[in-house]
Amino acid sequence: MTPEEPAPGSIRPGGRTARIRAAVLRTAGDLLAERGFATLDLAEIAAASGVGKTTVYRRWGTPAGLVADLLDDMAEQSVPRADTGSLRGDLTANARLVAETLTDPRQGRLFQAVIAAATGDPVTAAALRRFYDVRLTEWAPCVEAAIARGEAPAGTDPRAVLSAVSAPLYYRLLASGDPIDEAAADSAAKAALDAVAAGTFVTDRSATPDRR
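Numbering (this note's numbering) for the sequence shown: 18 to 229.
None of the hints are false.
Restraint-style ranges between C-beta atoms, simulated for each label pair:
#1 T154 / E51: 26 to 32 Å
#2 T101 / T154: 18 to 24 Å
#3 T217 / A64: 50 to 56 Å
#4 L153 / R36: 28 to 34 Å
#5 A40 / D195: 35 to 41 Å
#6 R146 / D198: 24 to 30 Å
What the hints contain is simulated information worked out from the structure, not anything from laboratory work.
Even glycine gets a Cβ: it sits at the ideal position worked out from N, Cα and C.
Produce the entire structure from the sequences given, and follow the hints as far as they go.
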């Protein structure tokens, strides 16, 4: 790849090419959810999606390049953040959205496959980090608004708060196998909210009033 060429799957055209991309990504997601990353094959994806093999290889190059584009597409299609008017409401909405995603029969298995692939493939790992960066950036204003309303201490790190909300749910998905239900989501949101109130996520101490 020359410096002038875009990374595989990074072009965002419209029309027929957009339809090709959608068909290939949909097929890739289905196969990832069904079998995992190890058996992902570009030729099989091309045949199953009705797209020429040469087109798929030219555009995405490798299975990792295809998964990277799939994650970018998932970030683009993600549900916008909630704005309930309170930090408790926003964090609860965030936790329930994560829980709904992880318990979806297709999406849950898809995330498991992508996370597993990211542990051994740097391209997939970078794409996964971009995905979560997009989601954290999307939801960060709910914490910033809470700071402005006085619901969270000045200097609270929004990304740390949101990571604390979703982390227990991903632990259930990837490690413990405990149920990911509404009760678990609400518990994760409450724990993060309590930690916010305690100042756990204050990383910019210069923004905190000196009470001496």
